[in-house]
Amino acid sequence: MSVVHCFPKKVCITLQRCVAENASFYRDGTIESKVDQLLNDATPLIETQFKLDAVRVLDPPTGNSGDSLGDAENAIRLHRAFSTLTPLQASDERLWVWLCHIPFRDYVLQRHVGDLSGEKLVKKIRSRFFVDGRDSRALMRNALARLWWGASLTFDERAGDPYELTRILFFRQETVKNLLENNFGRSRRVLTTVLRFFDQKPEFFRDSGGTTKKVVIGLAKECNARGGFGLLDTMSDRRLQQFLEASLVRVLGALGVYDDDASADDDDEPINFSSPQ
Amino acid sequence: MRINERCYPHPVLGHASDGQEDVSGSMFQASIEVGFDQTAVFFDVHMRVNNPTIQKLLSEQKAEFVVHVECGQTFYRRAERSAEGSWRFVVSKDLVNGGVEVLPVICARGRIDGYQVEGAHADFGDASFAIEEGDFLAIGDPFEVDVDVTFDVLQKVSSIMELQRGEQPDGHPMEVDFNGDRIIVRVSSTDFANFRLCENNVAMQEVAVCMLSLPVLIEAVQKVVATDDEGLGALRWYKVLRAKIDDLGLGAGAESLEIAQHILESPLRRAFAMLAQQLENLE
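From first to last, the protein sequence lines stand for chains C and A. At position 117 of the first sequence the residue is numbered 226 (the working numbering), and the sequence of numbers has no breaks. At position 240 of the second sequence the residue is numbered 244 (the working numbering), and the sequence of numbers has no breaks.
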């Protein structure tokens, strides 16, 4: 077990500022030499209370999509390895930037960088090795923070398999993006209800084609729209489920997946306006 | 939760567009006092509404007071609900960081058919609305609370301390050396071996913090707060501790025991909680 460190803030800032000029060092896996130049007595590594057996934590992807990316299993492993991390600590970029640059550098390169070059490479390094922004969307772009947070937000210690929803979340990339990069996904109750709903409808959320992507995006838009004039958070589970059912029918109707558009029996129209004549 | 300029599909008390209030002649007042201690943020909520339609819905439990709390940096999002207008809720500081958005509202608790609110703008005419569970009926002013974290949430305090196997015989008290960049704590071989065994157990770690780190830290704090730094001022542990004590801002009258417990973030509470949890698991 090795001690987990984090970079001083100053080192994070300097590294982030120099991504373009250091891109080739990231690309060939030698960025640690640049990191070493920034660490000295005045800005030493910061020791944390965490310990880690990095070699056994994450597997590189074996393919380009779905389970072959290994996100679900890696998220579970990372969450187990950092099971005592608090949300406050897990929002600290210094930890994730150190983990991405030192113990998990190869994983981040294999999972997110691949053969990229030029501006795309720089952009990818900036978003995946760093926390490029101040809010949770930036955390969800970091290669490791997204795994830990995805597992943390879906972990249910009362369930037979506490990581059942984690596997559903990471089954498709658009699920992660559309649920966790939207505000409603921050509500654990809403998030878990939506994921259970996905699990109940494998015909729409488990295909390998483009339909699932469109349905997930459509449902996320429905949730956002509904959040514009009320709180999904205070809805009962039953009502939330009804809302998702009605939203799915609307989305499928709009996509032409169903011949019979559901608007006739839809009681969830955003504008429910009746004026006596 | 930020509320950008928008129009609602039904009249909402407290909302106005183009300078025209959806509902006039009544008000929704929300006063939320925010307090802090080392580990938590306290919200004391006082809400009041004098619109007869909404008052009636509240009394019939068809509506409820809600404070929506959201932290963009930590994925924290909760709706704190109450049938009464005054209550207190607490958010652990472990769950939030930086700006926390707070929005007071009154929401429908279930479907309300034929909703017509007294004082609705004339443009709504005789229209009635089907309100769904969760819909806003009244909305207050959103505001942001800045939850400052004054200590390094990741840095291990014991990084300024190092435990070493000493040469003293079993039963001999631990010895502490403050003269290096790290504070060196030396214990007997047996104590050292037993400490290592405890290290992999979370509950035991917390107990060990109370047994080892707390008394050493108390002594270290005494040295830092003393006017004469005994020539220790250039040492790394001293500088780290000095910065932490300044960050805590406890004032000149704070005792070393109190300061050390703040720095270690309530070690007794955590140790007892962990031990209690272990006991529960055993049962």
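Each hint should be verified, as a subset may be incorrect.
[As the list claims (entries may be wrong)] Result set (BS3-like, lysine-lysine): computed pairs, CA atoms no more than 30 Å apart in a straight line:
#: 1; chain 1: A; residue 1: K66; chain 2: C; residue 2: K118
#: 2; chain 1: C; residue 1: K143; chain 2: A; residue 2: K243
#: 3; chain 1: C; residue 1: K118; chain 2: A; residue 2: K97
#: 4; chain 1: A; residue 1: K243; chain 2: C; residue 2: K160
#: 5; chain 1: C; residue 1: K330; chain 2: A; residue 2: K66
I should point out that these hints are in silico values taken from the structure, not numbers from a laboratory.
We went through each hint and held it up to the structure:
1. The suggested pairing of K66 of chain A with K118 of chain C is violated, with an alpha-carbon distance near 50 Å, which exceeds 30 Å.
2. For the hint linking K143 of chain C to K243 of chain A, the alpha-carbon distance of about 27 Å falls within 30 Å, and the restraint holds.
3. The hinted pair formed by K118 of chain C and K97 of chain A meets the criterion: a straight-line CA distance of about 21 Å does not exceed 30 Å.
4. In summary, the hint linking K243 of chain A to K160 of chain C is supported, as the alpha carbons are separated by about 25 Å, within the 30 Å threshold.
5. Under the criterion of a C-alpha separation no larger than 30 Å, the hint pairing K330 of chain C with K66 of chain A is consistent with the structure, at around 28 Å.
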